[in-house]
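Undergrad: Using the sequences and the accompanying hints, generate a full structural model.
Protein chains in written order, with this note's numbering: chain A, 18 to 477; chain B, 42 to 374.
Worth flagging that the hints you see were computed from the coordinates, not collected in a lab.
You can take every hint at face value.
Okay, derived cross-link-like pairs now, SDA-like style, lysine to any residue, Cα gap no bigger than 20 Å in a straight line:
id : chain 1 : residue 1 : chain 2 : residue 2
1  : B       : K151      : A       : L444
2  : B       : K336      : A       : G174
3  : A       : K326      : A       : E277
4  : B       : K151      : A       : A432
5  : B       : K336      : A       : I191
6  : B       : K151      : A       : A450
7  : A       : K71       : A       : L445
8  : B       : K336      : A       : G180
9  : B       : K366      : A       : F134
10 : B       : K336      : A       : E185
11 : B       : K151      : A       : F437
12 : B       : K336      : A       : T173
13 : B       : K366      : A       : G135
14 : B       : K151      : A       : I434
15 : A       : K323      : A       : L285
16 : B       : K151      : A       : G438
17 : B       : K151      : A       : L445
18 : B       : K151      : A       : A439
19 : B       : K336      : A       : R181
20 : B       : K151      : A       : R446
Stretch-level coverage of chain A by chain B, calculated; a stretch enters the list once three of its residues show a Cβ under 8 Å from a Cβ in chain B:
id : stretch
21 : 78-88
22 : 420-433
23 : 437-448
Keep in mind that this is a model prediction, so the values were computed, not measured.
No residue lacks a Cβ here, since even glycine has one placed at the ideal position from N, Cα and C.
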Amino acid sequence: MSLDAVFLSRLQFFWVVALHILLPAFTVGLASYIAVLEGLHFTTGRAVYLRLSKFWLKVFAVSFGMGVVSGIVMPFQFGTNWSRFSDMTADIVGPLMAYEGLTAFFLEAGFLGVLLFGRARVPPWMHFAAAVMVAAGTLFSTFWILVVNSWMQTPTGHAMVDGRFFPEDWIAVIFNPSFPYRFVHTVTAFYITTALVVAGVAAYHLRASRFREEGTTMLKMAFGLLTILVPLQIELGDQHGLNTLEHQPVKIAAIEANWETQGRMPLLLFALPDERAERNRYEIGIPVLGSVILTHDRDGVVQGLKNWKPADRPPVAIPFFSFRIMVGTGVAMLSLVVCSWWVWRQKKFADARWFLKLCELASPLGFVAVIAGWVTTEVGRQPWVVYGLVRTRDAVTPSLGPGDVVVSLVVYIVAYIVIFGAGGYFLLRMLRAGPVDKPLASGPQQAATPARPMSAAEGE
Amino acid sequence: MLALDIVPLWAGVLALSVFMYVLLDGFDLGIGILFPYAPDDASRDQMMNSVAPIWDGNETWLVMGGIALLAAFPLAFAVILPAVYFPILFMLVGLTFRGVAFEFRHLTHKRYWDHAFHWGSVVATIAQGLVLGTYVQGIPVNGRVYAGGSFDWATPFALLTGVGLIAGYGLIGACWLVMKTEGPLQDWARKKAMTFTFGVAAFIGAVSIWTPFIQLQIYARWFAWPNLLLLAPVPVITLALFAWLLRSLKARRDVAPFLAALGLFGMCYLGLGISIIPMIVPYSITFWAAASSGKSQTFLLVGTVFLLPIIVMYTGWSYWVFRGKVKAGVGYH
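TA: What follows is the structure, given as structure tokens:
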């Protein structure tokens with residue numbers, strides 16, 4: 018692969034999306050969690066919910082701000098680097114993205130100010146309503162952007178005239194075959210990601226014997242949700258995989274590194290795919306299980322990569338490994354959930370130190386799974402930008418030279434390292450400070466007010 | 042083709058989105074431009090507090106303008122953005138640093154993030170001015186593809202509009218502060234507004250004189266009879282707005298300077314529109330040639346007609362919740 022404008026633009030898009038997606042992966046679930054906390058406080062009046070909501074709101078403000086600024090970059094990438102894609106597909110994706118703006122961005126922005134700064138300025142029910150609106154906005158946003166993404170994976174409802182796509186049936190465009198699966202799979206992944214972070218933060222403080230009431234409340238809420246969502250997600254993932262097999266069989270062939278069309282296909286646990294030799298090295302697999310998972314039949318026949326011309330195949334190694342990372346994290350999450358049932362039965366939630374340590378270690382797993390899953394589905398779509406219809410290399414802006422994209426890529430890399438480095442540092446500091454009922458101050462006055470949790474955080 | 046031509050309607054929605062962005066983020070960015078020159082740290086906190094609850098909503102208009110262009114006039118989107126590849130890059134990076142500074146400066150290393158806030162605002166503003174200048178210069182097109190190079194924006198004219206926009210945003214930023222603050226900070230903002238008024242006048246004059254010589258089409262349009270007579274109100278009203286701005290600043294009025302400054306932006310915007318209509322990509326692609334299909338425009342119009350009034354309502358409500366003067370020490374966080 019040469020360092021041309023296409024490859025560099027793809028690298029740039031990967032970089033700006035990969036870092037951006039970390040934030041919605043966290044804030045979509047967090048917005049809903051805050052709405053639930055506000056609702057519980059509004060109905061029960063218990064102070065612990067208010068303390069937790071105030072704490073997570075501060076975290077939300079920073080993450081959401083980073084999400085907004087890194088999100089603004091995205092639509093402009095379509096124009097600057099992928100202008101041919103924009104010209105060809107805008108009649109379809111343009112209105113869909115505009116609906117994201119109209120239904121989500123304004124809703125989030127309009128009510129976020131009231132949610133963050135308006136507690137003293139509006140009645141409590143209105144503040145709760147603002148929390149619900151922000152949460153709804155994040156879900157609407159997820160809905161529309163996944164419509165666009167899914168349409169690029171499994172395009173339906175359009176007609177092609179002179180190489181451009183025109184809408185024929187909007188319902189068919191929106192509810193294209195992969196959309197319902199992708200949407201529920203992604204939203205569930207986002208909720209799990211948030212729940213794991215909440216559990217990890219609770220565990221961190223409980224292990225240090227701080228915030229016992231808050232920590233126990235958070236753990237119970239997180240594992241109540243995870244108990245439902247993690248097993249559900251495994252089922253949803255299976256269904257999504259079957260949907261992919263039906264509509265994008267070559268992607269499944271790459272995910273499984275399956276070169277030959279065969280029945281009784283093994284499930285490979287490890288292999289080094291060699292694309293030039295069209296075979297794998299060092300295969301370790303479980304016989305027949307691949308066919309059972311993909312076709313729910315021992316003798317089910319699965320198409321192999323050799324069914325497609327080399328020019329129409331995606332890269333194999335990347336989806337093969339990223340898929341295994343995603344499934345691996347899923348197995349780890351399920352194990353953690355099973356442990357939580359055991360601890361819950363023993364009524365030792367706040368004291369089982371080994372379990373708390375596990376929760377802490379598991380807190381970033383959701384992010385790993387989201388990135389791995391996204392890489393699997395996007396790299397598996399290659400070499401197409403609109404699956405089967407437009408090749409990625411034909412989508413790039415013709416006036417761009419490799420030098421232009423090298424410069425912009427370097428600028429984005431440096432800027433994002435600074436922004437996300439600082440943001441990550443601030444977020445960790447806030448999370449480690451915990452739900453203290455005082456603003457996070459900076460500078461010398463902090464030493465003068467020795468709030469215990471804060472000084473504990475500083476002492477790390 | 043539909044029986045009803047909705048292209049002009051979309052041109053209106055697009056024009057409104059871009060104008061809303063310029064006005065609303067204009068005063069946010071203006072505050073960033075003025076930021077390091079404020080009398081003291083307490084004033085800086087107050088300046089920040091005056092826009093903290095609304096800047097995010099203001100920036101949403103930028104996304105909306107970009108996406109409205111993509112959805113309603115995709116050919117223009119696909120041709121204009123490659124022409125301003127680097128200005129867009131500078132703008133996005135500038136906006137990123139300015140945006141995170143709102144949150145980050147409360148956490149640690151306040152001085153660094155204050156710099157990020159200021160320089161992010163300055164870079165984003167100059168970049169937007171470069172986009173404007175490149176646009177007015179004209180964008181070469183071949184078929185459906187941008188035909189120029191990645192550095193066509195690097196001209197003296199675009200640089201002039203880039204620096205000029207600093208004066209423009211600085212002016213509405215200062216007028217916003219006159220409206221939203223009181224005491225010494227307000228006095229300071231009033232002085233700055235006065236200085237920037239003269240700066241803006243100089244730049245509007247320079248750009249107005251230079252523009253017709255950059256593009257003969259614009260020269261022909263401005264100075265042909267009877268256009269000269271029909272267009273005469275634009276400079277006359279502009280001059281009247283300048284007079285009102287200076288008088289209201291001298292009379293220590295709170296709201297009038299802000300309105301006058303907005304009026305000046307409105308007149309410049311109108312002048313731009315008069316010069317290029319019916320082109321959306323100057324000077325070769327019309328709104329109609331760049332428009333997406335009737336089915337796309339209609340599908341989006343249904344939702345826009347229904348949602349836009351609701352958006353305006355709750356955005357207005359959010360401004361109303363945070364109405365009145367920003368007091369010292371009464372912040373957030």
